[in-house]
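Student: Residues per chain, in single letters:
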Amino acid sequence: MIEVENLIKKYGDFTAVNRISFDVGEGEIFGLIGPNGAGKTITLRVISTLLKITGGKVKIAGNDLEKEAEEIRKIISYLPEDAGAYKNLTGKEYLEFMAEFFDGGKGTSEIVRKGVEIADLGERIDDKVDTYSKGMKRRLLVGRALMIDPKLAILDEPTSGLDVINAREVRQLIKEYAAGGTTILLSSHNMLEVDFLCDRISLIDDGVIVESGRPKQLKEKHDAENIEEVFTKVVR
Amino acid sequence: MSLMNITKKEIKELLTPSTFVPIIVIAILFASMGNIMGGMMEEGEEEPVVGVINEDNGKYSDMAMFVLEEDADIVYNGSEMQEGIDEVTKSGGSAVLRIPGNFSYNIDNNITGTIEVVWIMRGVGIMDSISSSVVERVIQNINTHISHDLIEEKTGLDPLHLQNPTVKEEVIMFKGEEMAGVDPSTLGGMLSSQSVMLPIVTMMLIMMAGGAIISSMGMEKEDKTLETLLTLPIKRGSIVTGKLIGAATVGLLMALIFMLGYGYYMQSMQTADLNLADYGLGLGIFDYVLVGISLFLALIAGLALSLLLGTFAKNYKSAQTLLFPVTALAIIPMFVFMFTDVGNLPPLFRSLMYAIPFSHPIIAMRSLMFGDYPIVIWGILYSAIFSMVIIGIVVWVFNSDRLITGKIGKKDGILEKLSR
Chain A
1 MIEVENLIKK YGDFTAVNRI SFDVGEGEIF GLIGPNGAGK TITLRVISTL
51 LKITGGKVKI AGNDLEKEAE EIRKIISYLP EDAGAYKNLT GKEYLEFMAE
101 FFDGGKGTSE IVRKGVEIAD LGERIDDKVD TYSKGMKRRL LVGRALMIDP
151 KLAILDEPTS GLDVINAREV RQLIKEYAAG GTTILLSSHN MLEVDFLCDR
201 ISLIDDGVIV ESGRPKQLKE KHDAENIEEV FTKVVR
Chain B
1 MSLMNITKKE IKELLTPSTF VPIIVIAILF ASMGNIMGGM MEEGEEEPVV
51 GVINEDNGKY SDMAMFVLEE DADIVYNGSE MQEGIDEVTK SGGSAVLRIP
101 GNFSYNIDNN ITGTIEVVWI MRGVGIMDSI SSSVVERVIQ NINTHISHDL
151 IEEKTGLDPL HLQNPTVKEE VIMFKGEEMA GVDPSTLGGM LSSQSVMLPI
201 VTMMLIMMAG GAIISSMGME KEDKTLETLL TLPIKRGSIV TGKLIGAATV
251 GLLMALIFML GYGYYMQSMQ TADLNLADYG LGLGIFDYVL VGISLFLALI
301 AGLALSLLLG TFAKNYKSAQ TLLFPVTALA IIPMFVFMFT DVGNLPPLFR
351 SLMYAIPFSH PIIAMRSLMF GDYPIVIWGI LYSAIFSMVI IGIVVWVFNS
401 DRLITGKIGK KDGILEKLSR
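Line by line, the protein sequences are chains A and B. Using this note's numbering, the first residue of the first sequence is number 1, and each one after it goes up by one. Using this note's numbering, the first residue of the second sequence is number 1, and each one after it goes up by one.
Okay, chain A solo, but in the shape it has when bound (with noise of 0.2 Å):
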């Protein structure tokens, strides 16, 4: 699903994300970690079509990035890490414009559905999205980023602002969805969720990926009792 090779983002003199290269399979899910400023976010928005490639090639379902962005932004979901929702429409009212995007002439009742049925908001779904709490913003976030069935869902941060049991849920929505299919990419600080839900993962620092694998073969590779260790001994 994903291909990237040698994939250089520069900003002037400035090299944010030095020949990184890694690929994905569909269905399954694929983790960039980090510590700050590591070139994570960078990488998740050039494969989102958000910022152009200086140097290296990506490709996602066989499209170039380069060439064919529109084509790539129908098929991709993007979560960002501080993303926010129109403040002045409602809830539902964001997923269905957030949906008309997507429907292909099909009607998008059912696309809302899912959305609402994800952000699983209650009646607080019909009322303005200035008067959601964090969290809740979070929750109809995530739910718009899902409800369209993306074949690649790149998530920054997808339990950022969330509770411990909403972040469960998230986490195991996330689960089924690439079990269903969706190839998913994501980037987070917590090694826990890195560990519970990645098939694989890189570890990018000063943007360069300097560890690879299923977490796992990490652990047993660097001797380490969970992600966090792996991190901290190959960041050193």
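To be clear, the hints were calculated from the coordinates, so they are not data collected in a lab. Just to be clear, a hint being listed does not mean it is correct.
[Stated by the list, open to error] Cβ pair distances, simulated, as ranges:
no.	chain 1	residue 1	chain 2	residue 2	range
1	B	Trp378	A	Gly37	24 to 34 Å
2	A	Asn6	B	Gly237	54 to 64 Å
3	A	Asp149	B	Ser351	37 to 47 Å
4	A	Asp149	B	Asn315	30 to 40 Å
[Said to hold, decoys possible] Distance condition first, Cα-Cα at most 35 Å in a straight line; then the derived DSBU-like pairs of lysine-lysine:
no.	chain 1	residue 1	chain 2	residue 2
5	A	Lys57	B	Lys314
6	A	Lys10	B	Lys317
7	B	Lys317	A	Lys87
8	A	Lys151	B	Lys224
9	A	Lys175	B	Lys235
10	A	Lys87	B	Lys235
11	A	Lys92	B	Lys224
12	A	Lys134	B	Lys317
13	B	Lys314	A	Lys59
14	B	Lys12	A	Lys134
15	A	Lys128	B	Lys224
16	A	Lys151	B	Lys12
17	A	Lys151	B	Lys314
[To be verified] Coverage of chain B stretches by chain A, computed from C-beta distances (three or more under 8 Å per stretch; other residues unrestricted):
no.	segment
18	9-22
19	225-231
20	399-405
Keep in mind it's a predicted model, so treat the numbers as computed, not measured. For every residue, glycine included, the Cβ atom is placed at its ideal position computed from N, Cα and C.
Given the coordinates of chain A, work out where chain B should sit on it, guided by the hints.
Tutor: Chain B alone, transformed into the frame defined by chain A:
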């Protein structure tokens, strides 16, 4: 479909009470001022309420009484000053006039007759001074009547001829056109009332719509919705177009509300009743279509410029600051053209005015009155090209990293500082 969707969302986001309440309040204020001014004008035309104490039984006091009965509402006609003052005060009147016993005798003997006036002043506002000017007009009428009578009696000549032995027949030459039967102040007043309206409409339209679109960009940044929007399956050009249409709709609605109030205010100030078409200065349907096209293109240019500046905004507050250049560009032509025509400006200022797209609807309106079509067509072409270039730049920004990263380079230092 996607374009319609994004336009609908823009309108919903911008159509909030906080957007509309201030403009409705301003419109109501203007309408109320118009109402007050209209009331003042009407009062100026009404008969003044007065009291009269006539102590003279001569010919000229009879003449004065005749004029007063014709031109004023006499609520007291007696001999006691205090009674007169009380009655006039109760009736909301403004003066008690006393004609002394020697009034006619003095006039007959070449001594100036005196009419004593006791003014009842209720305040120091504009409204309070109107009633006194109306009484002054009545006293002037008494003077004219007595003067005519004296001229006729003492000389046997026609007093009207004696007072006005000459008459003027005037023709105005204006931009090569000859206009007969109208004086420059009446024509100037009529043209300037027209000249004031369109610059204000243009300025309000640009400011309201520009404010709407720049707020939309500021909110996208502040609410962090832009990244999601840019990953949706919709062309960046359609996002730009949707924002332009949405803001234009809201801006038009806001300008309309303002103009309803302002138009009412202006109408109440209108005194000259002159049909410009009688002097070859009226506009036909085709002319109005050209002014409409010119105004529409000025609006699109203003919106595109505002959207471009909005891309530099970091949040809603900084977006409002970034609107300043557009506001300035809308205000400058408004003030300049309220005082003079583009043709009377020095070459450098004239070029500057031509370079600002918001000048062209105002120039078009005035030029079309004199059938100067080439300048209007050039203005329309210029505004269209200006708008297309700016929209092209906006689409380019939307397709680049700049919108997401906020990296705007060294060259854009001023905008970067403003957007903080």
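Student: The structure should be examined with respect to each hint, and the outcome stated for every one.
Tutor: Status of each hint after checking the structure:
The hint said 24 to 34 Å for the Cβ distance between B/Trp378 and A/Gly37, and at roughly 54 Å that hint is violated. At about 31 Å, the beta-carbon gap between A/Asn6 and B/Gly237 misses the expected band of 54 to 64 Å. Judged by the Cβ atoms, the range 37 to 47 Å given for A/Asp149 and B/Ser351 is violated: they are separated by roughly 58 Å. Separated by about 34 Å at the C-beta atoms, A/Asp149 and B/Asn315 satisfy the suggested range of 30 to 40 Å.
Of the supplied pair hints, the one linking A/Lys57 and B/Lys314 holds, its CA atoms being roughly 31 Å apart against a limit of 35 Å. The suggested pairing of A/Lys10 with B/Lys317 holds, with an alpha-carbon distance near 30 Å, which does not exceed 35 Å. Note on B/Lys317 and A/Lys87: the hinted pairing holds, with a Cα-Cα distance of about 16 Å set against a maximum of 35 Å. Distance check on the hinted pair: A/Lys151 and B/Lys224 sit about 24 Å apart at the alpha-carbon level, within 35 Å; holds.
At roughly 32 Å between alpha-carbon atoms, A/Lys175 and B/Lys235 fall within 35 Å of each other, so this suggested pair holds. Of the supplied pair hints, the one linking A/Lys87 and B/Lys235 holds, its CA atoms being roughly 24 Å apart against a limit of 35 Å. The straight-line distance between the Cα atoms of A/Lys92 and B/Lys224 is roughly 18 Å, inside the 35 Å bound, and the hint therefore holds. Between the alpha carbons of A/Lys134 and B/Lys317 the distance comes to roughly 22 Å, so the proposed pair stays at or under 35 Å and holds.
Note on B/Lys314 and A/Lys59: the hinted pairing holds, with a Cα-Cα distance of about 32 Å set against a maximum of 35 Å. Proximity of B/Lys12 to A/Lys134 is assessed by CA-CA distance (about 22 Å); at most 35 Å being required, the pair is judged to hold. For a cut-off of 35 Å, the pair hint linking A/Lys128 to B/Lys224 stands: about 16 Å separates their Cα positions. Taking the CA atoms of A/Lys151 and B/Lys12, the gap is near 31 Å; set against the 35 Å cutoff, the hint holds.
Restraint check for A/Lys151 and B/Lys314: the C-alpha separation of about 32 Å stays at or below 35 Å, so the hint holds. As drawn, the segment 9-22 of chain B meets chain A at 4 residues by the rule of a beta-carbon pair under 8 Å; at three or more, the given contact holds. Restraint check on the segment 225-231 of chain B versus chain A: 5 residues with Cβ-Cβ distances below 8 Å, three needed, restraint holds. For the segment 399-405 of chain B, the stated coverage by chain A is satisfied: 4 residues place a CB nearer than 8 Å to a CB of that chain, which reaches the threshold of 3.
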